[in-house]
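Undergrad: This is what each chain is made of:
Number of protein chains: 2
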Amino acid sequence: MAKNFTTRKQDYAKWYNELVIKADLAENSAVRGCMVIKPYGYGIWENMQHALDKMFKDTGHSNAYFPIFIPKSFFSKEASHVEGFAKECAVVTHYRLKESDDKKGIVVDEDARLEEELIVRPTSETIIWDTYRNWIQSYRDLPLLINQWANVVRWEMRTRLFLRTTEFLWQEGHTAHATKAEALEETARMLDVYTTFAEDFMALPVWKGRKSESERFAGAEDTYCIEALMQDGKSLQAGTSHFLGQNFAKAFDVKFLDKQNKQQYVWASSWGVSTRLMGALIMAHSDDNGLVLPPKLAPEQVVIVPIYKNDDDFERVNEKALEIKKQLQDKGIRVKYDDRDTNKPGWKFAEYEFKGVPVRIAIGPKDLDKGTVEVARRDTLEKSFYQATDLANKIEHLLDNIQQNLYNKALDFREEHTHKADTWEEFKERIKNNSGFVLAHWDGTPETEEKIKQETKATIRLIPFEGYDEPGQCVFSGKPSKGRVVFAKAY
Amino acid sequence: MAKNFTTRKQDYAKWYNELVIKADLAENSAVRGCMVIKPYGYGIWENMQHALDKMFKDTGHSNAYFPIFIPKSFFSKEASHVEGFAKECAVVTHYRLKESDDKKGIVVDEDARLEEELIVRPTSETIIWDTYRNWIQSYRDLPLLINQWANVVRWEMRTRLFLRTTEFLWQEGHTAHATKAEALEETARMLDVYTTFAEDFMALPVWKGRKSESERFAGAEDTYCIEALMQDGKSLQAGTSHFLGQNFAKAFDVKFLDKQNKQQYVWASSWGVSTRLMGALIMAHSDDNGLVLPPKLAPEQVVIVPIYKNDDDFERVNEKALEIKKQLQDKGIRVKYDDRDTNKPGWKFAEYEFKGVPVRIAIGPKDLDKGTVEVARRDTLEKSFYQATDLANKIEHLLDNIQQNLYNKALDFREEHTHKADTWEEFKERIKNNSGFVLAHWDGTPETEEKIKQETKATIRLIPFEGYDEPGQCVFSGKPSKGRVVFAKAY
Numbered sequence: 001m002a003k004n005f006t007t008r009k010q011d012y013a014k015w016y017n018e019l020v021i022k023a024d025l026a027e028n029s030a031v032r033g034c035m036v037i038k039p040y041g042y043g044i045w046e047n048m049q050h051a052l053d054k055m056f057k058d059t060g061h062s063n064a065y066f067p068i069f070i071p072k073s074f075f076s077k078e079a080s081h082v083e084g085f086a087k088e089c090a091v092v093t094h095y096r097l098k099e100s101d102d103k104k105g106i107v108v109d110e111d112a113r114l115e116e117e118l119i120v121r122p123t124s125e126t127i128i129w130d131t132y133r134n135w136i137q138s139y140r141d142l143p144l145l146i147n148q149w150a151n152v153v154r155w156e157m158r159t160r161l162f163l164r165t166t167e168f169l170w171q172e173g174h175t176a177h178a179t180k181a182e183a184l185e186e187t188a189r190m191l192d193v194y195t196t197f198a199e200d201f202m203a204l205p206v207w208k209g210r211k212s213e214s215e216r217f218a219g220a221e222d223t224y225c226i227e228a229l230m231q232d233g234k235s236l237q238a239g240t241s242h243f244l245g246q247n248f249a250k251a252f253d254v255k256f257l258d259k260q261n262k263q264q265y266v267w268a269s270s271w272g273v274s275t276r277l278m279g280a281l282i283m284a285h286s287d288d289n290g291l292v293l294p295p296k297l298a299p300e301q302v303v304i305v306p307i308y309k310n311d312d313d314f315e316r317v318n319e320k321a322l323e324i325k326k327q328l329q330d331k332g333i334r335v336k337y338d339d340r341d342t343n344k345p346g347w348k349f350a351e352y353e354f355k356g357v358p359v360r361i362a363i364g365p366k367d368l369d370k371g372t373v374e375v376a377r378r379d380t381l382e383k384s385f386y387q388a389t390d391l392a393n394k395i396e397h398l399l400d401n402i403q404q405n406l407y408n409k410a411l412d413f414r415e416e417h418t419h420k421a422d423t424w425e426e427f428k429e430r431i432k433n434n435s436g437f438v439l440a441h442w443d444g445t446p447e448t449e450e451k452i453k454q455e456t457k458a459t460i461r462l463i464p465f466e467g468y469d470e471p472g473q474c475v476f477s478g479k480p481s482k483g484r485v486v487f488a489k490a491y
Numbered sequence: 492m493a494k495n496f497t498t499r500k501q502d503y504a505k506w507y508n509e510l511v512i513k514a515d516l517a518e519n520s521a522v523r524g525c526m527v528i529k530p531y532g533y534g535i536w537e538n539m540q541h542a543l544d545k546m547f548k549d550t551g552h553s554n555a556y557f558p559i560f561i562p563k564s565f566f567s568k569e570a571s572h573v574e575g576f577a578k579e580c581a582v583v584t585h586y587r588l589k590e591s592d593d594k595k596g597i598v599v600d601e602d603a604r605l606e607e608e609l610i611v612r613p614t615s616e617t618i619i620w621d622t623y624r625n626w627i628q629s630y631r632d633l634p635l636l637i638n639q640w641a642n643v644v645r646w647e648m649r650t651r652l653f654l655r656t657t658e659f660l661w662q663e664g665h666t667a668h669a670t671k672a673e674a675l676e677e678t679a680r681m682l683d684v685y686t687t688f689a690e691d692f693m694a695l696p697v698w699k700g701r702k703s704e705s706e707r708f709a710g711a712e713d714t715y716c717i718e719a720l721m722q723d724g725k726s727l728q729a730g731t732s733h734f735l736g737q738n739f740a741k742a743f744d745v746k747f748l749d750k751q752n753k754q755q756y757v758w759a760s761s762w763g764v765s766t767r768l769m770g771a772l773i774m775a776h777s778d779d780n781g782l783v784l785p786p787k788l789a790p791e792q793v794v795i796v797p798i799y800k801n802d803d804d805f806e807r808v809n810e811k812a813l814e815i816k817k818q819l820q821d822k823g824i825r826v827k828y829d830d831r832d833t834n835k836p837g838w839k840f841a842e843y844e845f846k847g848v849p850v851r852i853a854i855g856p857k858d859l860d861k862g863t864v865e866v867a868r869r870d871t872l873e874k875s876f877y878q879a880t881d882l883a884n885k886i887e888h889l890l891d892n893i894q895q896n897l898y899n900k901a902l903d904f905r906e907e908h909t910h911k912a913d914t915w916e917e918f919k920e921r922i923k924n925n926s927g928f929v930l931a932h933w934d935g936t937p938e939t940e941e942k943i944k945q946e947t948k949a950t951i952r953l954i955p956f957e958g959y960d961e962p963g964q965c966v967f968s969g970k971p972s973k974g975r976v977v978f979a980k981a982y
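Chains as they are written, first to last, in our numbering: chain A, 1 to 491; chain B, 492 to 982.
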């Protein structure tokens, strides 16, 4: 598998694309910018969904489903929202095709033009807040804590598998609250959920903070985010949680009677993560031998490969392998037993290494005699022999260990690639060398932010919530700064 | 809740619509024909998805995801498919909006017209078989067993919540096989999966069989289906599994090298169920007091309502209620404890009865003294007192009992509403009276089928796989018939 595979040093972007394709995660489709998520990639996404969905429900949210189409006029109702989203979107104008006059194909039936065009949702605030108007009358109807798993479409000009695609899969939470404080609390709570998910499941350390005004979600009063560092020194936004104030309540006239019997506008939050996280997961941990997956999200955590030269060998090995498979499954470990005789063990080793299966167990006749199995871990590529007794417990422990090791490795990498810069020269040098996160003072103006971006391509990834609020001087303008912010080039 | 609620006898269609709305299952959205699935309704759908997904995986299938858009030209490639689907569909023609010249709104940007229009998928055979061409080279790549959970759009003119909506949610399985026999086996296997799901989870007895040619899926060589009887005597198609022959393989040039090193076209099946099943579930079991849900699909299987007049009472009752809640949860039972003090017990009783929660447990101070709880079952509306000891086992048993009772009731209803008709007068009378399924001889011609439909509105729901193949005379034409087929009016 790993033959003809570009290394990260050779060409990081090419390495990523090849990895996504060759590891059977996703591929481009016949429709420009839209991807096909293949079963192996989708298996990882299902594990992500499962973990996130549980966390959403544990924090009191329910799932629901809203229409894929949004009437065009809805976008005009929230001024900054239309600015951010309505421009690059798929527009449905007709509802029928017909046979062409020459009977050689089908054409759009001009008699079936819609009175008002429909937009394929790029995000659902507008259609959802239009619906909430009828659901919310009194403070008793609040809070309303709803999440939707859905596909969305944003007409991207330059697309990359998982990272930026015209259609992508995501979840979008949309909550309604009686007070500003509650909505802010929810915004922070869901950022915490995303942080826990990134760290505990994706083995990905993240920065937490708020976006600068220019990077805010279109329609939000404040955007909180988590940012993770990729191996090429670029940052990737791995989740956002927005405090929407009363913007959408006002745009869609959603009011409630409070306990004092007074009409008030509702306060809102929205938050989302998408299949983009697949890109983050791949880029954060994988290496020049292929994919590396954290055990908690790997479709298969363990693969068992039998080694044999003849039918007698196979019979003995097979029996032991099935026994081990059952022991692992009883522990709740996701295990695949590859007993295909169409491929040699060496081919299988390469295949599962490339696909990032965290643990490989090989069993041959010699192992049976010695009461051992060979265990290879994907993260370090180390092999060792384990006594086969009490194997399920040992493997469970090993999987925990791999999960933790991937996190630690990513954290070490981030620490090594986070620097303070106090002069403009130093700042430019760091950014030019793709050396990761740069903590620098900023004067707080969009003008300076824009100039820094133009000169270096670095953007303010976030303003940390805490720990960096000592005053200083802007690295670019020299003007007073309230604290350091996190700069990086970004995906 | 049940006040001003139409009864089934008064107006079955109105009863259904009111039930869907008042039980918080779904509602119409601002977009014509598209529904909003509310949290309570979506909770049922999630339970359906979970059960089906497990059955798909247990039969060797993996999930994947394909684009929502299909290039217009793809539809022209399979002749009967375009006939069936391309006519009523949402067409994307542009990819950008812009501010209008008067700056008062946004309009479609005519500079952003697509070279080729995109269709929002009404079903995915075309885009999937276009993809399979690259996935299948050799017999080693087969079978390919893939399922997709997705939204689809069919531009329906007359819509009804869940039963017929412009956008709906579904799963679509698309499999590829080396031989005709294997594809036919898969087609039958998935119909069996749907049958098991309908009977064991939805508590819904179904007829199994094949569609007549005129009712076949557009592009299929054979369509298998299950049909269930609703309480108004109409049939509802609850799942279809199609044998596609080599039609899509030929249309999209999907070939493989067989073991003899010969190029062959691939054989195919596709199969799906949708949120339409929600409509079937609601109509099959519910009554004039509201929703009735089978325990296996109910979002909450048990609700606990505390009865108290003062704080002292509440404290004692609350303690016991929490204890019971935990016992039930430990058994894996989905339980809600409604300790809100904003509503009286009587209001709560009516609410949960209307929403079809299978079991209600009420606990008051008198119960504590006697060591009992009051248990009400939704299916029969019976109330009884249970000794509180070993309650979790008793409730588990009761839930099984309710599940079985709903199935038996539906089966009895169907038996009472299935009749043979041997004369045309008898046939017309049965159909006119909405008396359910009519088993009658048919001469096998589309012409007769069409005439029967025009005269009576009854269609051939299916041709049974077995048990009805004694020869006879067509009930309409008097011509020879190979066996009885199942007629009914249908949703």
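I should point out that these hints are in silico values taken from the structure, not numbers from a laboratory.
Hints are not guaranteed to be accurate.
Here are the simulated lysine to aspartate or glutamate pairs, DMTMM-like style, with alpha carbons at most 25 angstroms apart [claimed, not checked]:
id: 1; chain 1: B; residue 1: 822; chain 2: A; residue 2: 58
id: 2; chain 1: A; residue 1: 344; chain 2: B; residue 2: 749
id: 3; chain 1: B; residue 1: 595; chain 2: A; residue 2: 115
id: 4; chain 1: A; residue 1: 331; chain 2: B; residue 2: 549
id: 5; chain 1: B; residue 1: 741; chain 2: B; residue 2: 712
id: 6; chain 1: A; residue 1: 77; chain 2: B; residue 2: 804
id: 7; chain 1: A; residue 1: 87; chain 2: B; residue 2: 602
id: 8; chain 1: A; residue 1: 296; chain 2: B; residue 2: 544
id: 9; chain 1: B; residue 1: 839; chain 2: A; residue 2: 46
id: 10; chain 1: A; residue 1: 57; chain 2: B; residue 2: 518
id: 11; chain 1: B; residue 1: 811; chain 2: A; residue 2: 111
id: 12; chain 1: B; residue 1: 568; chain 2: A; residue 2: 83
id: 13; chain 1: B; residue 1: 589; chain 2: A; residue 2: 213
id: 14; chain 1: A; residue 1: 259; chain 2: B; residue 2: 712
id: 15; chain 1: B; residue 1: 816; chain 2: A; residue 2: 53
id: 16; chain 1: A; residue 1: 255; chain 2: B; residue 2: 518
id: 17; chain 1: B; residue 1: 595; chain 2: A; residue 2: 116
id: 18; chain 1: A; residue 1: 255; chain 2: B; residue 2: 515
id: 19; chain 1: A; residue 1: 103; chain 2: B; residue 2: 832
id: 20; chain 1: B; residue 1: 594; chain 2: A; residue 2: 83
id: 21; chain 1: B; residue 1: 835; chain 2: A; residue 2: 141
id: 22; chain 1: B; residue 1: 822; chain 2: A; residue 2: 369
id: 23; chain 1: B; residue 1: 578; chain 2: A; residue 2: 111
id: 24; chain 1: A; residue 1: 104; chain 2: B; residue 2: 606
id: 25; chain 1: A; residue 1: 180; chain 2: A; residue 2: 156
id: 26; chain 1: A; residue 1: 103; chain 2: B; residue 2: 544
id: 27; chain 1: A; residue 1: 87; chain 2: B; residue 2: 593
id: 28; chain 1: A; residue 1: 344; chain 2: A; residue 2: 390
id: 29; chain 1: A; residue 1: 348; chain 2: B; residue 2: 593
id: 30; chain 1: B; residue 1: 750; chain 2: A; residue 2: 213
id: 31; chain 1: B; residue 1: 545; chain 2: A; residue 2: 338
id: 32; chain 1: A; residue 1: 325; chain 2: A; residue 2: 312
id: 33; chain 1: B; residue 1: 589; chain 2: A; residue 2: 88
Please read all numbers here as calculations on a predicted model, not as lab measurements.
Undergrad: For every hint, state whether the structure bears it out.
TA: Right, here's what the structure says about each hint:
1. For the suggested pair residue 822 of chain B and residue 58 of chain A, the alpha carbons sit about 19 angstroms apart, so the restraint of at most 25 angstroms is met.
2. In summary, the hint linking residue 344 of chain A to residue 749 of chain B is supported, as the alpha carbons are separated by about 21 angstroms, within the 25 angstroms threshold.
3. Straight-line distance between C-alpha atoms of residue 595 of chain B and residue 115 of chain A comes to about 18 angstroms, which keeps the hinted pair within the 25 angstroms bound.
4. Distance restraint check for residue 331 of chain A and residue 549 of chain B: the Cα-Cα separation of roughly 19 angstroms lies within the 25 angstroms cut-off, and the hinted pair is therefore satisfied.
5. Distance hint between residue 741 of chain B and residue 712 of chain B is fulfilled; the C-alpha atoms sit about 13 angstroms from each other, no more than 25 angstroms.
6. Restraint check for residue 77 of chain A and residue 804 of chain B: the C-alpha separation of about 51 angstroms exceeds 25 angstroms, so the hint is violated.
7. With a C-alpha separation of about 12 angstroms, the suggested pairing of residue 87 of chain A with residue 602 of chain B holds against the 25 angstroms cut-off.
8. Between the alpha carbons of residue 296 of chain A and residue 544 of chain B the distance comes to roughly 20 angstroms, so the proposed pair stays at or under 25 angstroms and holds.
9. For the hint linking residue 839 of chain B to residue 46 of chain A, the alpha-carbon distance of about 37 angstroms lies beyond 25 angstroms, and the restraint is violated.
10. A hinted pair counts as satisfied when its Cα atoms are at most 25 angstroms apart, and residue 57 of chain A with residue 518 of chain B qualifies at roughly 23 angstroms.
11. Distance restraint check for residue 811 of chain B and residue 111 of chain A: the Cα-Cα separation of roughly 66 angstroms exceeds the 25 angstroms cut-off, and the hinted pair is therefore not satisfied.
12. Between residue 568 of chain B and residue 83 of chain A the alpha-carbon distance is near 39 angstroms, which puts this suggested pair outside the 25 angstroms criterion.
13. Under the criterion of a C-alpha separation no larger than 25 angstroms, the hint pairing residue 589 of chain B with residue 213 of chain A is consistent with the structure, at around 24 angstroms.
14. For a cut-off of 25 angstroms, the pair hint linking residue 259 of chain A to residue 712 of chain B is broken: about 63 angstroms separates their Cα positions.
15. Proposed proximity of residue 816 of chain B and residue 53 of chain A is supported: the alpha carbons are some 23 angstroms apart, at most 25 angstroms.
16. Only pairs whose Cα atoms come within 25 angstroms are accepted, and residue 255 of chain A paired with residue 518 of chain B is accepted, the gap being roughly 20 angstroms.
17. For the hint linking residue 595 of chain B to residue 116 of chain A, the alpha-carbon distance of about 16 angstroms falls within 25 angstroms, and the restraint holds.
18. Annotation: proposed proximity of residue 255 of chain A to residue 515 of chain B holds, straight-line Cα distance about 21 angstroms (limit 25 angstroms).
19. For a cut-off of 25 angstroms, the pair hint linking residue 103 of chain A to residue 832 of chain B is broken: about 68 angstroms separates their Cα positions.
20. Under the criterion of a C-alpha separation no larger than 25 angstroms, the hint pairing residue 594 of chain B with residue 83 of chain A is consistent with the structure, at around 13 angstroms.
21. Using a Cα cut-off of 25 angstroms, the hinted pair residue 835 of chain B and residue 141 of chain A holds, with the two alpha carbons roughly 17 angstroms apart.
22. With a C-alpha separation of about 44 angstroms, the suggested pair residue 822 of chain B and residue 369 of chain A falls outside the 25 angstroms cut-off, and the hint is violated.
23. Taken as a hint, the residue 578 of chain B and residue 111 of chain A pair is honoured in the structure, with Cα atoms around 12 angstroms apart against an allowance of 25 angstroms.
24. The hinted pair formed by residue 104 of chain A and residue 606 of chain B meets the criterion: a straight-line CA distance of about 18 angstroms does not exceed 25 angstroms.
25. Annotation: proposed proximity of residue 180 of chain A to residue 156 of chain A is violated, straight-line Cα distance about 34 angstroms (limit 25 angstroms).
26. Note on residue 103 of chain A and residue 544 of chain B: the hinted pairing is violated, with a Cα-Cα distance of about 42 angstroms set against a maximum of 25 angstroms.
27. A threshold of 25 angstroms between alpha carbons decides the hint, and for residue 87 of chain A with residue 593 of chain B the separation of about 17 angstroms falls inside it, so the pair holds.
28. At most 25 angstroms may separate the alpha-carbon atoms for a hinted pair to count; residue 344 of chain A and residue 390 of chain A exceed this at roughly 28 angstroms.
29. At roughly 65 angstroms between alpha-carbon atoms, residue 348 of chain A and residue 593 of chain B are farther apart than 25 angstroms, so this suggested pair is violated.
30. Using a Cα cut-off of 25 angstroms, the hinted pair residue 750 of chain B and residue 213 of chain A is violated, with the two alpha carbons roughly 63 angstroms apart.
31. Our distance criterion of 25 angstroms between C-alpha atoms is met by residue 545 of chain B and residue 338 of chain A, whose separation comes to about 21 angstroms.
32. The suggested pairing of residue 325 of chain A with residue 312 of chain A holds, with an alpha-carbon distance near 20 angstroms, which does not exceed 25 angstroms.
33. Between the alpha carbons of residue 589 of chain B and residue 88 of chain A the distance comes to roughly 9 angstroms, so the proposed pair stays at or under 25 angstroms and holds.
Hints 6, 9, 11, 12, 14, 19, 22, 25, 26, 28, 29 and 30 from the list above are not met by this structure, while the remaining hints are.
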